Every structure is written in C-alpha cells, then in structure tokens.
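If you read the sequences in order, they're chains A and B.
Quick note: the first sequence uses the numbering used here, first residue 1, plus one each step.
Quick note: the second sequence uses the numbering used here, first residue 1, plus one each step.
Honestly, the hints are just simulated from the structure, not real lab data.
Owing to the predicted nature of the structure, the values given are computational and were not obtained by experimental measurement.
Every residue gets a Cβ at the ideal spot worked out from N, C-alpha and C, and that includes glycine.
Be aware that one or more of the hints could be misleading.
[Stated by the list, open to error] Simulated pairs of lysine-lysine, DSBU-like, Cα-Cα distance not exceeding 30 Å:
id	chain 1	residue 1	chain 2	residue 2
1	B	Lys137	B	Lys215
2	A	Lys137	B	Lys109
3	A	Lys137	B	Lys49
4	B	Lys137	A	Lys137
5	B	Lys49	B	Lys179
6	B	Lys23	B	Lys59
[To be verified] So the derived label-pair ranges between C-beta atoms look like this:
id	chain 1	residue 1	chain 2	residue 2	range
7	A	Gly191	B	Leu202	49 to 59 Å
8	B	Ser110	A	Cys194	44 to 54 Å
9	A	Asn187	B	Gly188	26 to 36 Å
10	B	Pro198	A	Ile189	48 to 58 Å
11	B	Lys114	A	Glu78	24 to 34 Å
12	B	Ser171	A	Lys23	53 to 63 Å
13	A	Gly191	B	Pro150	38 to 48 Å
14	A	Gln201	B	Ser110	26 to 36 Å
15	B	Leu172	A	Ala62	38 to 48 Å
16	A	Asn187	B	Gln64	21 to 31 Å
17	A	Lys23	B	Pro150	35 to 45 Å
18	A	Gly25	B	Ile134	29 to 39 Å
19	A	Met158	B	Arg54	38 to 48 Å
There are 2 protein chains.
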Amino acid sequence: MKALVLLSGGQDSTTCLFWAAQKYGMENIAAIGFNYGQRHDIELDYAAKICQGRQIPFKVVALQNFDPSSALTNKNLEVDTATPANAPPNTLVEGRNLLFLTYAAIHAKSIGAKVIVTGVCETDFSNYPDCRDIFIKSCNVTLNLAMDYPLVIETPLMWLTKAQAWQLAESLGVLDIIKTETLTCYNGIPGQGCQTCPACQLRQKGYDNYVRDKKDI
Amino acid sequence: MKALVLLSGGQDSTTCLFWAAQKYGMENIAAIGFNYGQRHDIELDYAAKICQGRQIPFKVVALQNFDPSSALTNKNLEVDTATPANAPPNTLVEGRNLLFLTYAAIHAKSIGAKVIVTGVCETDFSNYPDCRDIFIKSCNVTLNLAMDYPLVIETPLMWLTKAQAWQLAESLGVLDIIKTETLTCYNGIPGQGCQTCPACQLRQKGYDNYVRDKKDI
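Construct the complete structure from the given sequences, taking the supplied hints into account.
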C-alpha cells in the first residue's frame with residue numbers, strides 16, 4: 001500500500017481519493033474516515049460506497065469526547081450561516097485535523113503507506129487554523145518525529161478555489177461521481193444538498209463558478 | 001487555570017504535578033489522564049486519588065482503537081523484559097504522546113491554560129521516538145498552529161536521570177508520596193510494584209542510584 005487518503009465522503013476528500021488513485025494506482029491506495037459525532041455522519045456511508053465499488057480498503061475510526069462547543073458535533077447548536085469576521089465559524093472543531101492526521105499516520109505506518117493525502121484547503125476556509133498550509137507542514141515534521149517514520153502529507157486542493165476543485169474532478173474523469181455520489185451538506189442530503197447550509201452554499205457557488213469559467217474558455 | 005499536567009498516576013507525571021503546583025500554585029493547575037486500554041489502567045485510580053485530596057480538577061479521556069501491536073494495550077502479548085538494541089521495546093504505543101498532547105491542548109484551550117506539563121524524558125527511554133525533546137519542540141509548534149493558540153509545553157524531567165527525578169521529588173517535599181502513592185508497574189502493583197517488569201526495574205534502579213548519590217554527597 002502506497003498512499004492513505006483521509007476520506008469523509010464529501011466533495012473535496014472524494015476528489016482527493018481519485019487524484020491519489022490516478023497518481024498511485026487504484027490498487028495502491030487505502031482510505032480512512034472518522035466518526036466523531038458529526039451531525040452529518042451519514043457522509044461516511046457515501047465514503048464507504050465509493051470505496052466498496054473499487055475494492056479500496058476503508059477503515060473508520062470512532063472518536064469520542066469531541067468539542068461540545070462546536071455546532072458540528074453538538075446538535076443542540078445552530079450552524080452559523082455566515083462566517084464571522086476574523087474568527088472561525090462555529091462549525092470549527094478544535095484540534096480536529098491534527099487528531100485525524102495523527103490517527104491516519106498511525107494507520108499508515110501499520111499498513112506500510114508512506115503518503116497521506118488530505119483535502120484541506122487554505123483558499124476558501126482561511127479562518128480554520130488547521131486547514132492552513134503552515135500547519136500541515138509543521139504537522140508533517142511532527143508526525144515523522146513522533147513515529148520515527150518518513151511520511152509525506154500531500155494536499156492536492158491546498159491552493160485551489162472550489163471552482164478549480166470541480167475542474168480537477170472533471171480532469172480526473174469523475175465529475176458526475178463527485179456531483180451525485182458525495183455528501184457535503186451539514187444536513188445530510190447528498191449531491192446538491194439542502195442548498196441552504198454554509199457547506200451547500202459554498203459547494204454550489206464553486207460549481208457555478210466552475211461552469212462560468214468553462215464558458216469563458 | 002494556568003497549567004494542565006498530563007497525569008498517569010506514575011512516578012514521573014505525579015512528580016511533574018507537584019513541580020507545576022510549586023511553580024504555578026496548587027489552585028492554578030489541572031490534570032488530564034487517558035484510558036487507552038493500557039494493561040495497568042488502575043494507575044488512573046492513583047492519579048485521581050492524588051488530585052482529589054488537593055482539589056485539582058482531573059479529566060480522564062477515554063480513547064479507543066489503540067495500537068493492537070503493543071504489549072501495553074494488547075494483554076495477549078508478553079511485555080519485553082529487556083529493551084532490544086536500536087529498536088523500541090514492544091510496550092511502544094505508536095503515536096501515543098502526540099495523541100495525548102493533542103487532546104491535552106484541546107482541553108487546555110477550553111479551560112484557558114497556556115502551559116502543558118508532561119513528564120516525558122529522553123535520558124532513560126531513548127528508543128521511544130515520541131519522548132525525544134526534538135519531537136516535543138516540533139509538537140509545540142504544531143499545536144500552536146493547529147489551534148491558533150500560544151501554548152507552551154514544559155518538560156521538567158526531559159534531561160534528568162531516574163535518580164535525579166527522585167531527587168526532584170525530595171526537593172519538592174513529596175518523596176514519600178511519590179514512593180507510596182504512585183503506580184509505575186505494568187502489572188498494576190503500586191509503590192515498589194512487582195519488582196520484575198521493566199518499568200519496576202527502571203524505577204527501582206533509579207531509586208537505588210538516588211540513595212547511593214545521596215550518600216556520596
């Protein structure tokens with residue numbers, strides 16, 4: 001096994017899965033997902049379906065004790081509909097990507113994978129500190145030191161806009177799969193989703209821009 | 001709250017708890033422990049007792065899915081009685097300290113603590129990669145970036161021998177507490193322990209050296 005992909009079942013991570021499959025070969029990739037009490041945990045069913053059809057090993061790690069102050073893991077809180085100025089939205093889950101990457105690194109070492117692929121992106125989500133490139137670089141060094149194991153974290157979406165992420169899906173030949181078989185919506189509706197939550201709005205806006213950019217060419 | 005101490009109930013972390021109490025004041029420290037399926041999980045009872053008597057808040061985080069290849073978390077494996085040359089003993093739990101520090105950092109931020117104290121030590125355990133000073137330094141930066149929060153990790157035992165750790169307990173006025181009210185033994189026996197497992201042998205050797213060094217002065 002060469003590469004382990006962090007797979008949530010959403011647009012970004014599923015695009016990364018196919019990116020890794022093209023780079024390393026479908027038979028050389030594995031996936032890992034996390035059940036951390038997220039309100040849209042049905043996303044993991046979509047991740048599992050994508051993997052099942054392609055014989056990609058998919059491990060789901062159950063995590064307890066996640067941030068009760070986040071609207072993503074506390075269903076009693078309302079999800080922010082707009083991003084506050086100079087602060088992360090209330091869907092931030094403190095430490096989430098570091099925990100995910102640590103569990104992924106532990107699993108990667110156990111299956112002999114030297115590459116971890118994650119769909120974090122600095123372009124559209126700059127208020128999430130653990131989506132920043134500088135965090136990923138530091139985390140890469142920390143993981144190598146923690147386990148004395150030379151992993152490389154790859155982030156194909158880091159500098160892409162959402163429109164460019166759709167373009168990437170198209171160039172990988174999986175546009176329809178990403179459009180219909182992934183789930184990004186905080187309310188758990190696949191494909192185009194509820195069209196009202198912030199995740200759906202961002203996804204739709206990116207898609208509209210992608211379609212517009214195509215016409216411009 | 002000023003400092004959060006990683007507390008396992010063993011000699012090292014309990015000494016760190018009193019070190020932090022002296023530095024920051026007993027009323028300004030909190031503790032965090034982890035139940036990760038360790039064979040000697042009774043150590044957490046000793047940690048809780050130490051905290052209860054001193055009104056130190058103590059949070060225990062339950063973690064699942066820990067390394068099944070480690071003799072510390074898989075009770076079907078025998079604990080190595082000697083450290084292999086150039087390799088960690090089979091009590092290594094991959095990624096453990098990074099996970100512990102990440103959960104600690106999340107908790108520290110939620111209670112407003114800016115300092116994390118951990119008893120990791122490079123001197124006696126050089127084959128555990130996640131006890132090295134270079135890992136801790138890298139981890140400190142990664143935690144700061146992951147959460148956009150200026151934590152400082154303090155490691156009072158990093159360069160001490162086990163004999164010097166006993167000396168530190170004496171200078172803090174807690175030698176008897178550390179001797180009798182902590183649990184280091186992999187077989188779950190407090191104080192002097194079973195005297196045969198590697199953890200007990202290391203603890204006893206350190207104590208013998210401490211007593212010998214005292215006589216030399």
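Taking the Cβ atom of A/Gly191 and the Cβ atom of B/Pro150, is their distance within the range 38 to 48 Å?
holds, 42 Å
Measuring from beta carbon to beta carbon, are B/Pro198 and A/Ile189 in 48 to 58 Å?
Given a distance of about 54 Å, which is inside 48 to 58 Å, the answer is holds.
Distance restraint hint 29 to 39 Å, applied to the beta-carbon atoms of A/Gly25 and B/Ile134
holds, 35 Å
Given the hint of 26 to 36 Å, check if A/Asn187 and B/Gly188 actually sit that far apart at their C-beta atoms.
Given about 48 Å between the Cβ atoms, the range is violated.
Given the range 24 to 34 Å, decide if the beta-carbon distance of B/Lys114 to A/Glu78 lies inside it.
Hint holds: Cβ distance 30 Å, inside 24 to 34 Å.
Determine whether the Cβ-Cβ distance between A/Met158 and B/Arg54 falls within the hinted range of 38 to 48 Å.
Since A/Met158 and B/Arg54 have Cβ atoms about 47 Å apart, the given range 38 to 48 Å holds.
CB-CB spacing for A/Ala62 and B/Leu172 relative to the 38 to 48 Å hint:
With a Cβ separation near 40 Å, B/Leu172 and A/Ala62 satisfy 38 to 48 Å, so the hint holds.
With a cut-off of 30 Å on the C-alpha distance, tell me whether B/Lys23 and B/Lys59 pass.
Satisfied, since the Cα-Cα distance of roughly 21 Å is no more than 30 Å.
Do the alpha carbons of A/Lys137 and B/Lys109 lie within 30 Å of each other, as the hint requires?
holds, 22 Å
Does the Cβ distance between A/Asn187 and B/Gln64 fall inside 21 to 31 Å?
Given a distance of about 28 Å, which is inside 21 to 31 Å, the answer is holds.
Kindly confirm whether 44 to 54 Å is satisfied by the beta carbon distance between B/Ser110 and A/Cys194.
With a Cβ separation near 30 Å, B/Ser110 and A/Cys194 fall outside 44 to 54 Å, so the hint is violated.
Next pair to validate is B/Lys137 with B/Lys215; report whether the Cα-Cα distance is within 30 Å.
The given pair, whose Cα atoms are some 36 Å apart, is violated under the 30 Å limit.
Checked against the numbered hints listed earlier, the structure breaks hints 1, 3, 8 and 9; every other hint is satisfied.
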